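Peer 1: Model the full structure from these sequences, guided by the hints.
Protein chains in written order, with the numbering used here: chain A, 48 to 143; chain B, 48 to 143; chain C, 48 to 143; chain D, 48 to 143; chain E, 48 to 143; chain F, 48 to 143; chain G, 48 to 143; chain H, 48 to 143; chain I, 48 to 143; chain J, 48 to 143.
Bear in mind the hints are in silico, worked out from the structure with no lab data behind them. A hint or two may mislead.
Said to hold, decoys possible - Covered stretches of chain E (in silico footprint by chain F; criterion: 3 or more residues with CB under 8 Å from a CB of chain F, positions within the stretch not fixed):
1. 68-80
2. 87-93
3. 122-134
4. 137-143
Unchecked claim - Below, a list of computed lysine to any residue pairs in the SDA-like style, where the Cα atoms sit at most 25 Å apart:
5. K86/A <-> E98/B
6. K125/G <-> F67/E
7. K96/F <-> M82/D
8. K106/J <-> D127/B
9. K96/G <-> Y97/E
10. K106/B <-> I138/A
11. K96/F <-> E98/D
12. K125/G <-> E74/E
13. K86/H <-> H53/G
14. K83/I <-> D140/J
15. K96/E <-> Q84/G
16. K64/G <-> M62/I
17. K64/E <-> F67/G
18. K106/F <-> D141/E
19. K106/D <-> S136/E
20. K64/D <-> R71/A
21. K106/A <-> L81/C
22. K96/C <-> T116/E
23. K86/H <-> M82/G
24. K69/I <-> I138/J
25. K96/A <-> E110/B
26. K125/D <-> H51/C
27. K96/H <-> M62/F
28. K106/A <-> S136/C
29. K83/C <-> I138/D
30. K64/D <-> P59/F
31. K106/I <-> L81/H
32. K125/C <-> P135/A
33. K125/J <-> M62/A
34. K106/A <-> D140/B
35. K125/G <-> S109/I
36. K83/I <-> H134/J
37. K64/H <-> S57/F
38. K96/G <-> Q79/I
39. K96/G <-> L118/I
Remember, predicted model here, so these are calculated numbers, not experimental data. Ideal Cβ positions, reconstructed from N, Cα and C, are used throughout, including at glycine.
Number of protein chains: 10
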Amino acid sequence: MLFHVHMVVSPPQGMDKDAFEKLRAAEKARAQELMKQGKWRHLWRIAGKYENFSVFDVKDASELHDILTSLPFFPFMKMDVTALCRHPSSIRDDDT
Amino acid sequence: MLFHVHMVVSPPQGMDKDAFEKLRAAEKARAQELMKQGKWRHLWRIAGKYENFSVFDVKDASELHDILTSLPFFPFMKMDVTALCRHPSSIRDDDT
Amino acid sequence: MLFHVHMVVSPPQGMDKDAFEKLRAAEKARAQELMKQGKWRHLWRIAGKYENFSVFDVKDASELHDILTSLPFFPFMKMDVTALCRHPSSIRDDDT
Amino acid sequence: MLFHVHMVVSPPQGMDKDAFEKLRAAEKARAQELMKQGKWRHLWRIAGKYENFSVFDVKDASELHDILTSLPFFPFMKMDVTALCRHPSSIRDDDT
Amino acid sequence: MLFHVHMVVSPPQGMDKDAFEKLRAAEKARAQELMKQGKWRHLWRIAGKYENFSVFDVKDASELHDILTSLPFFPFMKMDVTALCRHPSSIRDDDT
Amino acid sequence: MLFHVHMVVSPPQGMDKDAFEKLRAAEKARAQELMKQGKWRHLWRIAGKYENFSVFDVKDASELHDILTSLPFFPFMKMDVTALCRHPSSIRDDDT
Amino acid sequence: MLFHVHMVVSPPQGMDKDAFEKLRAAEKARAQELMKQGKWRHLWRIAGKYENFSVFDVKDASELHDILTSLPFFPFMKMDVTALCRHPSSIRDDDT
Amino acid sequence: MLFHVHMVVSPPQGMDKDAFEKLRAAEKARAQELMKQGKWRHLWRIAGKYENFSVFDVKDASELHDILTSLPFFPFMKMDVTALCRHPSSIRDDDT
Amino acid sequence: MLFHVHMVVSPPQGMDKDAFEKLRAAEKARAQELMKQGKWRHLWRIAGKYENFSVFDVKDASELHDILTSLPFFPFMKMDVTALCRHPSSIRDDDT
Amino acid sequence: MLFHVHMVVSPPQGMDKDAFEKLRAAEKARAQELMKQGKWRHLWRIAGKYENFSVFDVKDASELHDILTSLPFFPFMKMDVTALCRHPSSIRDDDT
Chain A
48 MLFHVHMVVS PPQGMDKDAF EKLRAAEKAR AQELMKQGKW RHLWRIAGKY
98 ENFSVFDVKD ASELHDILTS LPFFPFMKMD VTALCRHPSS IRDDDT
Chain B
48 MLFHVHMVVS PPQGMDKDAF EKLRAAEKAR AQELMKQGKW RHLWRIAGKY
98 ENFSVFDVKD ASELHDILTS LPFFPFMKMD VTALCRHPSS IRDDDT
Chain C
48 MLFHVHMVVS PPQGMDKDAF EKLRAAEKAR AQELMKQGKW RHLWRIAGKY
98 ENFSVFDVKD ASELHDILTS LPFFPFMKMD VTALCRHPSS IRDDDT
Chain D
48 MLFHVHMVVS PPQGMDKDAF EKLRAAEKAR AQELMKQGKW RHLWRIAGKY
98 ENFSVFDVKD ASELHDILTS LPFFPFMKMD VTALCRHPSS IRDDDT
Chain E
48 MLFHVHMVVS PPQGMDKDAF EKLRAAEKAR AQELMKQGKW RHLWRIAGKY
98 ENFSVFDVKD ASELHDILTS LPFFPFMKMD VTALCRHPSS IRDDDT
Chain F
48 MLFHVHMVVS PPQGMDKDAF EKLRAAEKAR AQELMKQGKW RHLWRIAGKY
98 ENFSVFDVKD ASELHDILTS LPFFPFMKMD VTALCRHPSS IRDDDT
Chain G
48 MLFHVHMVVS PPQGMDKDAF EKLRAAEKAR AQELMKQGKW RHLWRIAGKY
98 ENFSVFDVKD ASELHDILTS LPFFPFMKMD VTALCRHPSS IRDDDT
Chain H
48 MLFHVHMVVS PPQGMDKDAF EKLRAAEKAR AQELMKQGKW RHLWRIAGKY
98 ENFSVFDVKD ASELHDILTS LPFFPFMKMD VTALCRHPSS IRDDDT
Chain I
48 MLFHVHMVVS PPQGMDKDAF EKLRAAEKAR AQELMKQGKW RHLWRIAGKY
98 ENFSVFDVKD ASELHDILTS LPFFPFMKMD VTALCRHPSS IRDDDT
Chain J
48 MLFHVHMVVS PPQGMDKDAF EKLRAAEKAR AQELMKQGKW RHLWRIAGKY
98 ENFSVFDVKD ASELHDILTS LPFFPFMKMD VTALCRHPSS IRDDDT
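Peer 2: Spelled out as C-alpha cells, the structure:
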C-alpha cells in the first residue's frame with residue numbers, strides 16, 4: 048500500500064553541532080536503507096524549507112508507523128500521512 | 048524541474064451527466080497523453096476524496112502553468128503547486 | 048486495515064423531498080449491508096450535526112475508496128480519512 | 048454516554064529518559080485498567096503521529112473529565128472531545 | 048447534563064418573506080416551549096451577528112440531538128456543541 | 048451588561064508545585080468573591096480541557112477588563128470576550 | 048461604551064443595478080444620520096476591499112445590535128465586534 | 048496617510064519585574080509623545096486582552112515602520128497593519 | 048508609496064463566453080494603461096492558479112483603492128494589500 | 048525562473064547583542080552580493096513587521112534552495128516560496 052507523507056523538520060534547538068551532524072548522518076543512512084528495501088519509494092525536498100514530500104510502499108499502516116517512528120529525526124518531525132490509491136488515469140506501472 | 052501539485056476537484060453542479068462524462072473522458076485522455084510525454088510523472092488518488100497528488104516534470108513554471116490550465120477539468124479544480132528539489136538523501140535516479 | 052472516517056453531510060439544496068428520502072433510504076440500506084459484511088465497523092452520530100465518525104475494516108485504501116465513493120450520499124459528503132494502527136496499550140480484540 | 052476523544056501527545060521536553068519511561072508505563076497501566084472497567088471502549092493509534100482516537104463510555108461529562116484529567120500523560124496531552132449519539136443506521140449492539 | 052451550543056444562523060436565501068416570518072415565529076414558539084420545560088436553560092444573542100450562545104440541560108447527547116434537529120431553523124443553522132461539567136469553583140446552584 | 052468569556056488556561060511550566068497550588072487557591076477565592084458580588088454570573092468547565100465558559104455581568108467593558116486582568120491566573124490565560132444582548136426569544140428573567 | 052466593528056460587505060449577487068444603488072444610498076443616509084447623532088464615531092475604508100473599520104459609541108451591546116441590524120446593508124455584511132476600553136496610555140479626550 | 052494597527056503584546060517571560068515596569072513606563076512615555084505629535088491618532092484597549100487597536104497618521108509606510116519598530120515593546124509585539132482610506136460616507140473631519 | 052497586492056480571480060459563474068472575453072480584454076487594456084503610467088509596477092502570474100502578485104506605485108492608499116476598484120475584474124477578485132517600505136539591504140534603485 | 052519568497056524573521060531569543068549584529072551584517076552583505084549577481088531581484092520590507100517580500104531569478108528550484116539555505120538568517124526564518132510565470136498582460140521587460 049502507498050502512503051504520501053509530508054515531513055516538516057524542526058531541528059532541535061540548543062543541540063550541539065556535532066550531535067546534530069551525527070543525527071543527520073544516521074537519518075540519511077536509515078533513509079537510504081529503506082529506499083534500497085523499496086519501502087521509501089520517493090523523497091523530494093520542498094524548495095526553501097526543511098521539509099519533504101515522500102511516498103512509502105508498505106504492507107499496512109502499522110508498518111508505516113513503525114518505519115516513521117524509528118527514524119532518528121522522528122522526535123523533531125511533524126508528519127502528515129495520506130493514504131493513496133492507484134488512479135484510474137495513471138498509465139505508470141510504479142504508481143501502484 | 049519537478050513540481051508537486053495537489054489537485055482538488057469540485058465537479059460542476061448542475062452539469063448534465065453526459066456532458067460531465069465527456070469532460071471526464073477528455074481529462075483522462077489529456078492526462079495520459081501528458082504521462083506518455085513524461086511531463087506528468089506521477090498521479091495518485093487520495094483515498095475517500097475527489098483529489099490527487101501529482102508530480103510534473105517540466106522546463107519551468109510557465110510550462111507547468113500552460114499544462115495545468117489546459118486541462119479540461121481546470122475550471123473545476125483548485126491547485127496547490129510546490130517546487131521540488133532533489134533530496135541529498137535520495138538514491139533513486141528518477142527523483143530528479 | 049482500519050481507517051477512521053469523519054463524514055460531513057451537506058444535504059443537496061433544492062432537491063425535492065421525496066427524492067431526498069429515497070436517497071436517504073438507499074444510503075441506510077447500503078450502510079447496513081456494509082456493516083453486515085463487517086467492512087463498516089463502527090458508526091456514531093456527532094451530536095447536533097449532520098456528521099458521523101466511522102471506522103472501516105478493509106483490505107487497503109483502494110477498497111476503502113471504492114466503498115466510500117459508492118455511497119448514495121457521496122456527492123453530498125466531505126470525508127476525512129485517517130489510517131489507524133493497533134495501539135500497544137489496547138487490550139480489546141476488536142481494536143485491530 | 049459515548050464520547051469520542053482525539054488525544055495529541057507532546058512528550059515533555061527535557062524530561063529524563065527514565066522518568067519518561069515510568070510515566071509511559073503508568074499511562075499504559077491506567078489505560079488498561081479503564082479498558083477492563085469498560086470505560087475506555089476503543090483506542091486506536093493514528094499512523095505516523097503521537098496521537099490516538101478513543102471512545103469512552105461514561106455516565107456523563109463529569110466522569111469523562113475526571114478520567115481524562117487523572118491520566119498520567121494529561122499535562123502533556125491536548126484533548127478534543129465530541130459527544131456521540133447512536134446512529135439510526137447502525138446495526139451494531141455496541142455502537143450505543 | 049449541560050451542553051453549551053453556539054448557533055450560527057444563515058437565513059435561507061431567496062425564501063419569500065412571509066414564509067420566513069412563519070419559520071421565525073415557529074422557531075420562537077419552539078424555543079420558548081423548550082425553555083418552559085427547562086431543557087433550554089440559557090439563550091443569549093451575540094452582538095452584531097445572527098448567532099447565539101445557549102446552554103441546554105438534557106439527559107444525554109441523544110436528547111440534545113433530537114432537540115436541536117427538531118428546531119424549525121435547523122436546516123439553516125451551524126451548531127458547535129461542547130459538553131460541560133460543574134466547575135469546582137462555582138458557588139451557583141444552577142451551574143450544574 | 049453581559050459578556051461571554053472563554054478562558055483557556057496554560058499552567059505555568061516549571062512553576063513549583065506549592066506555588067502553583069497557592070495560585071490556584073487564590074484564583075478560586077477571587078472567583079467565588081466575584082460570584083457572590085454577582086459579577087461572575089456563570090462558570091462551567093469544558094470537559095477534557097483546562098478551559099471554561101463564563102458569563103460576566105458588569106457595568107461596561109472597562110469593569111470587565113479590570114476584573115479579568117486582576118485574576119491570579121490572568122498571566123496564564125487566553126481570553127475570548129463576546130458582548131451579549133438579551134435574546135428576544137428568551138423567557139428567562141436572568142438572561143438579561 | 049465603545050465598540051470596534053469590522054464590516055465585510057458581500058454585494059448581493061444578481062440584484063439589479065438600480066435596486067443596488069438605492070440600497071447604497073439608503074445605507075449612506077443611515078450611516079450619516081448615526082454619525083450626526085454621535086453613535087457611529089469613526090468610519091474608515093480598508094484599501095482594496097469592500098470592508099471598513101468602524102467605532103461605535105453606544106449605551107450597551109443591545110443598542111449596538113439594534114443599530115447594526117437596522118443598516119440597509121446588514122443582510123450582505125459580516126460583522127466582527129470587539130468591546131473597547133479606554134487605554135491608560137491614551138491622552139486623547141475622545142478615545143473614551 | 049492613516050494606518051490601522053492591531054498590536055498584540057506577549058510580555059517577555061522571565062524578565063524581572065522591575066525591568067518590565069521600566070519598559071512599560073518607557074513605552075507609555077513614547078506613546079504619549081507620539082500622540083502629542085499627532086502621529087498616534089487613536090489608541091483603544093481590547094477588553095480582556097493585552098492587545099490594542101490603534102490608528103496612526105503618518106507620511107507613508109516607512110514613517111510608520113520607523114515609529115513601530117522604535118517602540119520599547121516592539122520585540123514583544125505582533126503587529127497587523129492595514130492601510131486606510133477616507134470613507135465616502137464619513138462626515139467626520141478627522142476620519143481623513 | 049509601494050503596495051504589494053495579491054489578487055485572486057474567481058471568474059463569474061454562468062457569464063456567457065463572449066461577455067467574459069470582452070471583460071478580459073478590458074481588464075488587460077486597463078492593466079497595460081496603468082503600467083504605462085508607472086502605477087502598476089510589477090505583475091506576475093502565480094503558477095497553476097488564476098492569481099497574481101502585483102506591486103503598485105501610488106501617492107497613497109486612496110489612489111490605490113481607486114485604481115483597484117476601477118478594474119473591470121474587481122467584482123470577481125479578492126485583494127490582499129500590504130504596505131511596503133524600502134528595505135535597508137536593497138541596492139536596487141527601483142525598490143523604492 | 049522567477050520565485051516570489053515571503054520571509055518571516057524570528058530573531059534568535061537570548062542571542063547576545065553583538066553576535067546578533069554580526070549576523071545581521073553578514074545577512075546584509077550576502078543579500079547585496081546576491082543582488083549584484085542579479086539572483087535576488089527585488090527586496091521589500093513589510094511595514095510594521097520583521098518580514099519581507101522578495102523576488103529571485105534563478106536557474107531552478109535547486110539553485111533557489113541553495114541560496115535560501117545559505118543565508119546567515121536562514122535558521123531564524125520561515126520561507127513561503129511561490130513559482131511565478133510571466134503574466135500575459137505585463138508590458139515590463141523585467142517581469143520575466
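Peer 1: Take the hints in turn and mark each one as holding or not.
Peer 2: Here is how each hint holds up against the structure:
1. 68-80: This one holds; 4 residues, not fewer than the three required, reach chain F with a Cβ under 8 Å.
2. 87-93: Holds, because 6 residues of the stretch 87-93 of chain E bring their Cβ atoms closer than 8 Å to Cβ atoms of chain F.
3. 122-134: Coverage by chain F holds here, the residue count being 6 at a Cβ distance below 8 Å.
4. 137-143: holds (count 4)
5. K86/A <-> E98/B: Cα-Cα ~24 Å, so holds.
6. K125/G <-> F67/E: holds, 20 Å
7. K96/F <-> M82/D: It holds: about 21 Å lies between the C-alpha atoms, which stays within 25 Å.
8. K106/J <-> D127/B: holds, 22 Å
9. K96/G <-> Y97/E: holds, 23 Å
10. K106/B <-> I138/A: Holds, at roughly 22 Å.
11. K96/F <-> E98/D: holds, 16 Å
12. K125/G <-> E74/E: Answer holds: K125/G to E74/E is near 23 Å, not above 25 Å.
13. K86/H <-> H53/G: Holds, at about 23 Å.
14. K83/I <-> D140/J: holds, 12 Å
15. K96/E <-> Q84/G: Holds: K96/E and Q84/G sit about 23 Å apart, inside 25 Å.
16. K64/G <-> M62/I: With Cα atoms ~16 Å apart, K64/G and M62/I stay inside 25 Å; holds.
17. K64/E <-> F67/G: The hint holds at about 19 Å.
18. K106/F <-> D141/E: holds, 23 Å
19. K106/D <-> S136/E: holds, 22 Å
20. K64/D <-> R71/A: holds, 21 Å
21. K106/A <-> L81/C: holds, 24 Å
22. K96/C <-> T116/E: Cα-Cα ~8 Å, so holds.
23. K86/H <-> M82/G: holds, 24 Å
24. K69/I <-> I138/J: Measuring from Cα to Cα gives roughly 20 Å; hence the hint holds.
25. K96/A <-> E110/B: holds, 24 Å
26. K125/D <-> H51/C: holds, 19 Å
27. K96/H <-> M62/F: Roughly 23 Å separates the two Cα atoms, so the pair holds.
28. K106/A <-> S136/C: holds, 22 Å
29. K83/C <-> I138/D: Distance of about 8 Å is within 25 Å: holds.
30. K64/D <-> P59/F: holds, 22 Å
31. K106/I <-> L81/H: holds, 24 Å
32. K125/C <-> P135/A: holds, 21 Å
33. K125/J <-> M62/A: Within the cut-off at roughly 20 Å; holds.
34. K106/A <-> D140/B: Holds, because 24 Å separates the two Cα atoms, which is no more than 25 Å.
35. K125/G <-> S109/I: holds, 23 Å
36. K83/I <-> H134/J: holds, 15 Å
37. K64/H <-> S57/F: holds, 21 Å
38. K96/G <-> Q79/I: holds, 22 Å
39. K96/G <-> L118/I: holds, 13 Å
Violated hints are absent here; each numbered hint is respected by the structure.
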